[in-house]
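Read top to bottom, the protein sequences are chains A and B.
The opening position of the first sequence corresponds to residue 48 in the numbering used here, with each subsequent residue numbered one higher.
The opening position of the second sequence corresponds to residue 1408 in the numbering used here, with each subsequent residue numbered one higher.
Incorrect hints may have been included.
[Said to hold, decoys possible] What the simulated footprint calls covered on chain B by chain A, stretch by stretch (three residues with Cβ under 8 Å from a Cβ of chain A suffice, anywhere in the stretch; the number is not a length):
#, region
1, 1444-1450
2, 1469-1483
[Claimed, not checked] Taking lysine-lysine pairs in the DSS-like style, the calculated list, with each CA pair at most 27 Å apart, reads:
#, chain 1, residue 1, chain 2, residue 2
3, B, K1445, A, K103
4, B, K1448, A, K121
5, A, K103, B, K1468
6, B, K1448, A, K120
7, A, K306, A, K420
8, A, K120, B, K1468
9, A, K103, B, K1470
10, A, K79, B, K1470
None of these hints come from the bench; they were simulated from the model.
We treat Cβ as the ideally placed atom computed from N, Cα and C, and that holds for glycine.
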Amino acid sequence: MLVKIIRFIRGSITCTAKGKFTERLINILNKKGFTYWNIIPCEGGLSFSLNGKEYKRLRYILRGTGIKTRITKKSGVPFIIKKYRSRTGLIIGAVVFIALIVLFSKFIWITTVSGNDQVETTKILSVLRDNGLYSGVYIKSIDNKALERKVIEEIPDIRWISVNITGCKAEVELKERYKTPKILDKKEICNIKASKDALILKTNVTNGTGVVKKGSAVVKGQLLISGIITGVEGGSRFVPASGKIIGRTTYHKTYSLPKKKTMVIPTGREEERARGNLLWFSVPLNFNYIPFDSYRTVVKTDNLNVNDVDLPVSVTRECVREMEKKEIYLKENKDALQKIARLSEAFEFRKKKIENRGCKYSEDKNNYYLKIKYTVRENICTKSPLMVGE
Amino acid sequence: MKKDYSRLIPLSLNSSLPVIEMTGNRELTIEGSTGVLKYEKENIKVNTRAMVVSIKGRCLKLKYLSSSALIIEGTVLCIEFIM
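Next comes chain A alone, as it looks inside the complex (with noise of 0.2 Å):
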């Protein structure tokens, strides 16, 4: 194998001899010390290879001999520079796509980060990059174990955290602290309280005794649970009161939506500009003019994805969209005041489950009205400390 790549590149030479005791050429070679291989008998002669360089010297010793030669192949490095030498272009371009691989060999492509649970990739190539990792940085200057310091320091949530570069990649290895259960305090002596005026639904007492039956109703701040257990003897004892009451209970809320109303419309007119990216390059793909004086910019990379990774070469589009400001002057919307309030109602009522709602819609000169009443099952316990007296 050896042998073969150093005959390519010094280029060799394959050819044919034929005349009268074409043998002889056989010895001439082996005397004149020539370098050659492949010798096959042919029709009427033979056929060998020899170093592309020694051939014009064959050729001057065989003058005379009646033996005449002819090339069949050339092959070899000097014999292809030889046939692009005119083509000064395509070597110019492979010497400088050789220079590009060498130059960008030198710098971070691609950040992975694996071993991550609780804690965003997100947040950790943020801080990755706040220290110096990022897509585009040169190799060497990246301090691996300072690095690693910083990231620890900066996300307390990571215990171990490893930065391996192999090639161009940049792999990032951690693991995430295990967070400590929080131990409730059983000394903690409590009784437990309505929080709500409510109907009880039911009760489940694990701790304390039951106060309160199911159907009873409650007002807010009463006692719902003791934490006082008198045992069968007449002894008392004090404990934590735990449990949970389901009671109905009554909401009332009103939403709001203006009549009048200013708002930044688009007006329909755009303009696109793009850029291209590689690596720290931004190069602008348009010089597009933007005439608007009230725009908003929608940006979008689309990066170039290979077998499920981002590189780091991407196009980014810029939308730019003429704005301007209007008075729009709303009809009565039952939809959106709907809207509003069901949004409310899915941060305000999220761990409560809606029994009933009552709508009743309103306006005055300025605004339109949603008031709404909700029948809520709900857990209305909660904890009070347990004082003298109670």
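Following the hints, put chain B in place on chain A, whose structure we already have.
For chain B alone, coordinates are given in the frame of chain A:
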């Protein structure tokens, strides 16, 4: 009477005789060759100091050649020594 001392020297040390080594009938090494006289697929004649060795066979080919040795590859059917 003149004594023939050449009889006392072992044959392997007699440099005028070629040393021929064969691997089955597939490969043949001749040490002490001085040139190739005939080179065809069916017949190769090799000159040595003492004799001409004619090798007949099929698909014969010179695998290696130097100033004093050569290796022939192929199916050797017959070896003839021409004095």
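Each hint tested on the structure:
no., hint, in the structure
1, 1444-1450, "holds (count 5)"
2, 1469-1483, "holds (count 4)"
3, K1445(B) - K103(A), "holds, 25 Å"
4, K1448(B) - K121(A), "holds, 25 Å"
5, K103(A) - K1468(B), "holds, 26 Å"
6, K1448(B) - K120(A), "holds, 22 Å"
7, K306(A) - K420(A), "holds, 23 Å"
8, K120(A) - K1468(B), "holds, 20 Å"
9, K103(A) - K1470(B), "holds, 25 Å"
10, K79(A) - K1470(B), "holds, 19 Å"
The structure is consistent with each of the numbered hints, conforming to all of them.
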